[in-house]
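J.: Keeping the supplied structure of chain P fixed, place chain W upon it in accordance with the hints.
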Amino acid sequence: MLEVDRLSFERPGGLAFHYDFTLAAGEILAVQGPSGVGKTTLLDLIAGFESHLTGRLAWDGIEFSTLPPWERPVTTVFQSDNLFAHLSCRENVTIALDGATFAATEVDGAFARLDIDGLQARLPEEISGGQQQRVALVRALLRDRPILLLDESFSALDWPTRRGCFDALQEIATTRRMAVIFVSHDERDAAYLECDVLKLDR
Amino acid sequence: MAARAQPIALWRRPGPISPVGLGIAIGLLALALAAIGALVSVAGHGPAGGGGNILRVAAFTAMQASLSTLLALALALPVARACWRRAATWRAGWLLPFSFLPVVMPTTVAATGLIGVWGQRGFVSDYLALLGLDRLPPIYGLGAVLLAHVFFNAPLMLRVLNGALTSVPASQWRLSAQWGLSEWERFRQIEWPALRPVIPGLLALVFLLCFTSFSLILMLGGGPAVTTLEVNIYTALRFDFDLALAGKLALLQLVICGAVVVLLTRLTGRSWAAATPRPTHGVPHQKGDTSTFCRTVDALALALFIIITMLPVIAILVRGLGPYLIVVSEWPALYRATVTSLVIALSSGSLATMIALVLASARTRRSDAGLAVWPLDLSISLYLAVSAIVLGTGLFILLRQVADVFLLAPLLVTVGNMLIALPFAYRVLEGRLAALATAHDRLCAGLGLRGWRRLRRVTLPAIAPELGFAAGLSSALSLGDMTIVALFGSQQFQTLPWLLYQTMARYRAGEAAALSLWLLTLTFLLFMGFTLAARMLGRRRHA
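Sequence order for the protein chains is P and W.
One point on numbering: in this note's numbering, the residue at position 65 of the first sequence is 65, and numbering is uninterrupted.
One point on numbering: in this note's numbering, the residue at position 333 of the second sequence is 333, and numbering is uninterrupted.
Any given hint could be a false lead.
As the list claims (entries may be wrong) - Just the calculated beta-carbon pair ranges, DEER-fashion:
#1 Phe98/W <-> Thr175/P: 37 to 43 Å
#2 Leu537/W <-> Ala156/P: 31 to 37 Å
#3 Val297/W <-> Ala121/P: 48 to 54 Å
The hints are simulated quantities; they were obtained by calculation from the structure and are not laboratory data.
Glycine included, C-beta positions come from ideal geometry on N, C-alpha and C.
So here's chain P without its partners, still in its complex pose (with noise of 0.2 Å):
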């Protein structure tokens, strides 16, 4: 279970920003509200891109709010540029298993899994942005770590497209348990997961 725990954090200018909640692994949370409100800075907060100034952050009662943003149990899937320029798809996927060996059929397997096998050999400006999305999900998949984090990653793609990736995040959640915590503007994105929603307000 993923435990925010009373985290406050401030801009620099006095702008404050608190969070209150749990995620049991296997949810997905829904953090909606107007722009400026803290969404984005949630995510880097348990990311590790921003510090936090009071609270705690823990995956099953163990504290990670002190580790390096390499060290904690999260991927994050940004809006965009998720990908190297340079860097085939393939190489995109492995180059974050730090050491892990995987089979060239398991990570064929989950390319295959979000619909986008036969694009492990091209580089990422030779596909469509709904594709180069849906490869940082294969590699969140496989980096297997608890915690996954999507900002707005899904807003830019159209809504078909957006629904086939949902699914595809709904059984990721479910068979591999993770805690996922999407950043998203559309209410129809919460209502077709039919998961939970954090509104946030000044």
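T.: Same frame as chain P, now just chain W:
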């Protein structure tokens, strides 16, 4: 509430590259200060006086540099507009890749090319004679120097100005077409606001390059009336062996160039060499673009540009290919000089690129972490202000007491050329590394790609084209150098440009033309070799 000082986020702390970069920067600063200190120590000695003459030379140097800069801009501005507007219809865009050639062309080669076109025995005179007219007067003098400076700097300006024009959003061009703006109004309202920010920095940079001009003045100046501080430093050191005068002149040169560099940095921030033109997209046709007047102006500008910048290149090719190629191929000196030049160019080019890479990486990491970067910036700017002759003179005086400088010549020429190329290599890499950091930092931190692994897998492949460009540029600059070698060269130690200069000085025009072609070919191959090799290494192998 007051903004509190944010501690450096753990994941942004720079690794060992930061102290290594700082160490190199401090070493570079110390070397520059030692060279300047050596100049100060000798400038105080020796007889006072000669001040009037020094000031007269400084004034003339500034005058020719200002004139050269303004003339180059006067040519480059209409050509940039013409290139941009006629990219599709006249295919004028192909001037842009070609315009890089003068930037890497050795000055000695350019001088033979210019003489081959405009000299008394050049192309133009030959045609005039065929028509029964008088030949052109001898080329040497202020006019030739200005022509040479325009030849070198108008293409540089063209690239920057064209880059500024391509940054205007297409919607603005379309709107101006809808509103039916006149030619003048469009220039004032749409083109000028895009050009204005780059022009002051460009003027300062080109002024600096013309102010420190050395070999062109030596070869085309034609006598003591047309001279620069650099040439005076050289004659004081090599012919009169008047160290005090050389020191005084070098310090004056340093003060003036330092002021220009400060001005340059103020005007442009760190972006003085950000001259990478973006791909040209189609520009919608404007009202007025297709008028006869407008087309005539563009055609004249392009024609003048081609005459000034391309005819000399053609002259080198045409005059170089001939029986004299066989004559010079029998000179043992040619082979010795070629090997010497290539070894020096490859060593100083790769050294400059490696040091620039370390400094630029350290700057990017420290800047991300909010740490001071001024020592790194200062170490680079200082070598922009210290011209080749000033640096060489300083090193000469510094080392004269402890060693035989002519024995150390190969080392000094390599190091000197490396230091002169360093600011250019640094600028190429620094901008790209900063952009890569913005794009990759979070992604890499989140995926645990750090240190050596990130450098090898992510950063190096991504900056391979810039690395190749920096290495090609600095090797080509070093291969063509005639400034530092003029201070340390001797019968035993000759480079190709030095051999070419001596051949020209003996009025052996045919041999000089053949040597020019040889040197130009080597420069081109070296530059293209590095650029293409880096692209191949950086390119992904597709399955």
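J.: All the hints need checking, so say for each whether the structure fits it.
T.: Consistency of the hints with the structure:
The hinted window of 37 to 43 Å between Phe98/W and Thr175/P is violated, with their beta carbons roughly 59 Å apart. Remark: the range hint 31 to 37 Å for Leu537/W to Ala156/P is upheld by a beta-carbon distance near 33 Å. A hinted range of 48 to 54 Å for the beta carbons of Val297/W and Ala121/P is consistent with their spacing of about 51 Å.
Violation of the numbered hints given earlier is confined to hint 1; every other hint is satisfied by the structure.
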